[in-house]
Amino acid sequence: MRRLFFLAMAGYVGAMLVSCQKREAKPVIAVAFDTLQTEYWVASIDALRSEIESRGAEMIQAVADNDANRQLEQVQGFIARRVEGIIIAPKDARAVLPMIKAANKAGIPVVLYNRPPAEDVGTSVTVVADNFEITRATVSYMCEQARAAGGGHKAMILIGDLGDVNAIGRRDGFDAAVKEHAGAIEVVARVPTEWNQEKALAGVTNALQEHPDISFIFTSSDFLLPSIVSALRGAGKYRKAGEAGHVLLGGFDGDATAYQMLVDGYLDADGVQNVYYECAQAVQAVFDLRAGKPVPPIIRDPGLVIHRGNLDEAKAQMWGANVRPR
Amino acid sequence: MARRSAGAGSAARREAGAHRVPRRSAVEWFRRALASENIVLLLAFAFFAAALPFAPELASPDNLQSLFLSVLPLLAITLGQTIVLITGGIDLSLTSTMALSSVAGASIMTRESGPFAGSWAVPGGLCAMLLVGAAVGLLNGLGVTLLGMPPFIVTLATMMTVSGLAIWSTHSASIAGLPAAFVAIGSGTVGPIPAPVLVVIPLALAVHLLLSRTLIGQWMYAVGHSSRVALVSGVPVRRVTVAAYVAGGLCATVAAALYTARLETGMPTLGRELLLDVIGAAVVGGTSLFGGRGKVTGTLFGVVLFAVVARTLDLCGLQHYTIMMVKGSIILLAAALDLARRRVTGGF
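In the order they appear, the protein sequences are chains A and B.
Residues 1 to 326, numbered by this note's numbering, are exactly what the first sequence covers, in order.
Residues 1 to 348, numbered by this note's numbering, are exactly what the second sequence covers, in order.
Careful: at least some of the hints might be erroneous.
As the list claims (entries may be wrong) - For lysine-lysine, the following DSBU-like pairs were computed, each having C-alpha atoms within a straight-line distance of at most 35 Å:
| no. | chain 1 | residue 1 | chain 2 | residue 2 |
| --- | --- | --- | --- | --- |
| 1 | A | Lys-199 | B | Lys-295 |
| 2 | A | Lys-105 | A | Lys-293 |
| 3 | B | Lys-295 | A | Lys-26 |
| 4 | A | Lys-179 | A | Lys-237 |
| 5 | A | Lys-154 | A | Lys-101 |
| 6 | B | Lys-327 | A | Lys-101 |
Because the hints were derived from the structure by calculation, they are not lab data.
Take these sequences, add in the hints, and give me the full structure.
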């Protein structure tokens, strides 16, 4: 029985290795992601693969699972393999600097996806959504809705992992919008989630018990929406817009859950990063850098605020409208 | 007559044995391979060789050098975990100790004024890092010995507290602009030898000597086997336990220095996802989760296996989900082989 187990395990590992396809003579573009924890990153890596393969190249990928050092090692591995270009979704804006230097030293084009470097240390191109600005615009829209409904709303924000520059940008964008719309809302709860759904659920549940009059919630990422829905249902406060007791709800990302909630009338606004635009720009930048063409150091995704008022015309830019909800 | 028939019987056995030679030698070879303490290293080489036809770049000098250098900081922190595991404990706070050391050292090294500015920046920063490692280790050791609480709970609490402290003290921001002399520890060379080698190899030798050649090393194994028996035998169990946690903290600090220097950044989230690799590499390398067993060579082999598997799979062009499944399977296979080895050699 034990021998059978060993043989089965060895066979399985062998089969997996055999599935390492022998590469054809295609240019290889390496993609080093920080995480695939949320739908956004999965949609991004799928879009990158599609873009790369549509240009006749092959994509290899590595995911660092939120570990900057692991990401550095993965990029060093790609450099040792002499890939044609590297797209990095960095864990950290400063920790990515040695990766840029190493890629530059090896003469390999490097593009940063979703997170810019902290400083200019060499040649790189960044494709990024403006987290601060998109959040500020989204929360401003929500504040206007709150003011139209009479103002004085008690508000809650779900904050992401404060070791993540995107979470910080979104928190700061929220605070800026609140400051601009003083009187429309009063922030009574700030829930640290560390990008964890269970912590979000516990935090929102506790906040709703402590402040039962909360009527305005913004989450720094759409992947936390199911936790909010669960907590609101538990508190008997999950109602559609227009119904008495509706809690103004907003998010960031543009995922499938957010899209469905917008369609169903439970979500009021969502800050959307245009994944397709960003991925197409990132891959184009790699090919342009390889060809020696000039590329601007930063390519910005303007993003958009999507709400029920513009849903029909804007949904084509919302990546979550094109994937199946969980 | 009896002698004759005995002689005839043995001749018959020899003859029969001659026919079974190939089978015996194959079984014997397998048994010897299984009984070898190097089984984990053999598995790493086997995996590397099997992947080579699919990713020939694995054998390139650049890749081998980069792979070798990636092993070193992980080895440093895993040595710390090995020491603690040998005493029957576990330290979940090692990675958060790394994070706090990283930001403590980086914040001192980037100050523009004060006693540690200028030429004292690097020595001051390194001392601060070592102090943090020793202090957290001491806290864990005292928590385990004086409060009598399970190491898992004590170090879990420390992990959360220390991690929170690292993030709070930096307002979540990483610290860049480290002095070039410090960055060289992670990526520089001394003559032809990479600087990290000059840090980690002496550390590994020191831990090896500590465990195999010193009285306190023997006491650590004794405490891990049975702290009660060790106490009755006159072993200062509390002091040995505290020393193990302090040593673990110091090893984490060495890893923190290397990781921080390589990234050129002090990070409050440094190594946050590394804990399972650290425990996994130690255990796959033959260190017992129940104490009393473990060696530096085994830990080295466990770390090499983890690094080889990770690098090989990354360069193979597999999808992330497949990589995770293969990695998990290989670790399970390594642990199962180690278990089989102990049964073959009567290690239990």
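Structure-based check of each hint:
1. A:Lys-199 with B:Lys-295: Given pair Lys-199 (chain A), Lys-295 (chain B) is violated - Cα atoms ~39 Å apart, limit 35 Å.
2. A:Lys-105 with A:Lys-293: Holds - the C-alpha atoms of Lys-293 (chain A) and Lys-105 (chain A) are around 19 Å apart, at most 35 Å.
3. B:Lys-295 with A:Lys-26: Violated: Lys-295 (chain B) and Lys-26 (chain A) sit about 45 Å apart, past 35 Å.
4. A:Lys-179 with A:Lys-237: holds, 27 Å
5. A:Lys-154 with A:Lys-101: Violated: Lys-154 (chain A) and Lys-101 (chain A) sit about 47 Å apart, past 35 Å.
6. B:Lys-327 with A:Lys-101: holds, 30 Å
In summary, the structure is inconsistent with hints 1, 3, 5 from the numbered list given earlier, while agreeing with the others.
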